[in-house]
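**Student:** Line by line, the protein sequences are chains A and B.
Note that numbering that gives the first Met the number 0 has the first sequence beginning at 0, numbered continuously upward.
Note that numbering that gives the first Met the number 0 has the second sequence beginning at 0, numbered continuously upward.
For the record, the hints were derived by calculation from the structure and aren't laboratory data.
In this text, all values refer to a predicted model and were calculated from it rather than measured experimentally.
You may find that some hints are simply not true.
Pairs of lysine to aspartate or glutamate residues, derived as EDC-like cross-links and limited to a Cα-Cα distance of at most 20 Å, are as follows [unchecked claim]: (1) 19(A) to 52(A); (2) 26(A) to 219(A); (3) 202(A) to 244(A); (4) 136(B) to 219(A); (5) 93(A) to 204(B); (6) 317(A) to 166(A); (7) 118(A) to 166(A); (8) 26(A) to 2(A); (9) 136(B) to 52(A).
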Amino acid sequence: MAEIVIRNLRKEFGAFTAVKGSSFTIKDGEFFMLLGPSGCGKTTTLRMIAGLELPTSGEILIDGEDVSQRPASQRDIAMVFQMFALYPHMNVRKNIAYPLVSQGVPKAQVAQKVAEVAKILRIDHMLDSPVGGLSGGDRQRVALGRAIVRNPKAFMMDEPLGALDAEFREIMAEELRALHDRMHATTVYVTHDQLEAMQMGDKIVVMNHGVVEQFGTPQDIYDHPATLFVADFIGSPSMNFLRFEGTAAAGAETIALGDIPTPLPQLHEPASGALVLGVRPEHVALSDTAPLRGRIEAVEYLGTTQIVTLSTPFGTVKSRTSSALPATAGALTGLALNAPRLALFDATSGRALRTAANAGVHHG
Amino acid sequence: MSAYSVTEPSKASKWGAGILVTLYTIITLLPLVWIISTSFKTGPDSISYPPKVFFDPTVEGYVNLFTTRTRPAVSELETLPPPDGIMEEIARRQGTIITGPSRFGERFLNSVIIGFGSTALSIILGTLAAYAFSRFKVPLKDDLLFFILSTRMMPPIAVAIPIYLMYRELGLSDTHLGMILLYTGVNISLAVWLLKGFIDEIPREYEEAALIDGYTRFQAFRKVVLPQAATGIASTAIFCLIFAWNEYAFAVLLTSGNAQTAPPFIPTIIGVGGQDWPAVAAGATLFLLPVMIFTILLRKHLLRGITFGAVRK
């Protein structure tokens with residue numbers, strides 16, 4: 000297994016730049032998520048690591064060795080594709096054995112390895128079936144089998160659960176994570192599903208328009224988004240944005256939200272101009288005494304919790320509260336914001352301002 | 000079924016379609032039936048009017064096709080020793096004696112060499128070119144593809160004279176190689192375009208998976224792409240073979256003693272000892288066989304080839 004270091008990776012397709020100088024490190028044994036909306040460059044990044052695309056510039060180090068200009072066949076990496084890409088003219092056994100055959104592994108050893116892998120993935124009873132008749136989940140298992148059979152340096156997974164139906168996706172997500180915990184293989188996983196990324200990943204890179212927006216653990220990314228994009232992309236419902244004009248000096252512990260003094264984590268840099276106060280729905284409580292007022296527009300009942308949508312002078316705000324609390328559409332109420340969990344963004348650059356809460360989380 | 004169905008054709012339209020297809024089949028098969036039955040008739044039967052549907056079959060036509068004969072005087076014929084073998088016997092019955100083999104076998108073999116040779120070459124070059132066009136960033140790709148297609152925009156015979164002169168200068172006239180190259184040149188555009196369509200439909204992920212599994216690009220092409228493209232290759236091969244096999248004009252123009260193919264040879268049979276229609280029909284019947292067998296063997300692929308791309312899988 001291996002550590003993968005990405006330095007200033009760039010990929011241009013003609014006039015279009017798909018990846019604009021990404022840098023991040025995937026530690027040995029990490030389950031690493033590349034997350035972003037479609038067209039953000041995450042798949043291109045993965046394909047460059049795998050060797051299916053050559054970068055325009057930048058370095059890809061696998062175990063300290065720069066492989067950025069090497070063909071895929073020389074990188075010792077395995078890949079699971081979204082559409083499985085099982086060889087349709089071969090049965091399950093041949094599909095799984097194929098990477099070993101290419102390495103010239105003796106037949107007896109191939110048979111033993113295939114049997115071993117099939118057992119781990121619980122597909123040993125279908126080794127002689129053609130791949131055409133398999134269900135989506137079984138195909139995915141065969142694709143996984145083909146990937147793990149030869150102990151590669153790292154696994155690349157391109158939305159491997161994207162083609163499965165919702166019910167099965169969860170089972171496979173758990174299986175994948177369990178498989179990873181058992182093998183401790185460095186895994187790079189591309190997804191556009193933020194829930195999947197948070198649920199499975201050790202680390203997440205959030206990309207948008209070819210730029211790495213943030214790189215960190217799921218908790219850091221959820222609690223301390225580095226940019227408005229990340230704040231909006233992660234979480235469901237996403238972070239509330241209260242837009243206002245204001246100023247505050249470095250070291251300030253409150254900011255004037257309109258004329259309401261609002262406490263927040265101590266600012267480590269001055270703020271002025273168009274600002275955005277970010278707050279997760281679960282950190283908005285309904286309180287009759289709070290000075291920030293809003294009118295309840297809608298209530299979505301979700302079982303244990305409910306999502307209350309309120310209109311305020313600073314825009315629409317969603318609050319996640321216990322379903323036990325009364326909330327009726329049309330009622331006027333106050334919104335109490337949980338001060339230690341607030342984030343302040345510069346509206347023009349979209350960047351989160353440094354505060355006592357996110358200090359040490361944000362990179363360049 | 001009483002309920003009206005949107006997708007199921009009505010009984011009337013099924014009958015209509017059936018009648019149409021049957022009529023078409025009869026019209027298409029009639030000349031074939033005519034040729035095959037004529038090949039088993041005697042000379043007089045073949046030109047009798049009204050045409051004979053029921054007749055005593057004979058292989059005279061086939062014997063005449065494969066031999067050259069003379070017609071000696073009747074008195075001389077009677078002095079000859081008894082016929083030696085079935086061929087001689089059939090020739091005697093017509094009042095002729097066999098003087099040697101005809102050149103049909105040789106011409107037929109030329110057709111096989113040139114037809115299958117040019118088909119193989121078209122397919123090899125076409126598959127490689129189509130793969131490159133489908134998968135790689137080829138500079139001026141669209142222009143090149145259009146240029147390749149443009150070779151089909153005029154009838155090949157329009158360039159007959161330049162080709163004739165070129166071939167004479169290059170020493171390619173009346174050679175197997177020359178005819179193979181010529182038919183390949185005509186077929187290559189068809190092969191590239193058809194095969195590119197087929198290869199475009201094969202998801203790239205298959206090769207990418209093979210590349211990652213440690214295979215080189217060429218190994219991935221051979222072991223993953225080729226088996227998937229088998230259908231396309233088969234149907235393209237049929238189209239190429241049918242053209243090269245049936246081609247007449249260039250064969251007349253460019254071949255004579257050495258590399259002459261069957262199509263220009265068959266009509267020359269007519270001249271030997273009157274109009275020998277059964278022999279001509281026998282030649283045509285035998286000439287039909289290879290393409291017919293080839294097509295029947297690959298017919299499943301051919302059907303897919305004709306309808307491919309019509310429905311997205």
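**Student:** Against the earlier hints, flag every one the structure doesn't satisfy and list their numbers going up.
**Tutor:** 3, 4, 6, 7
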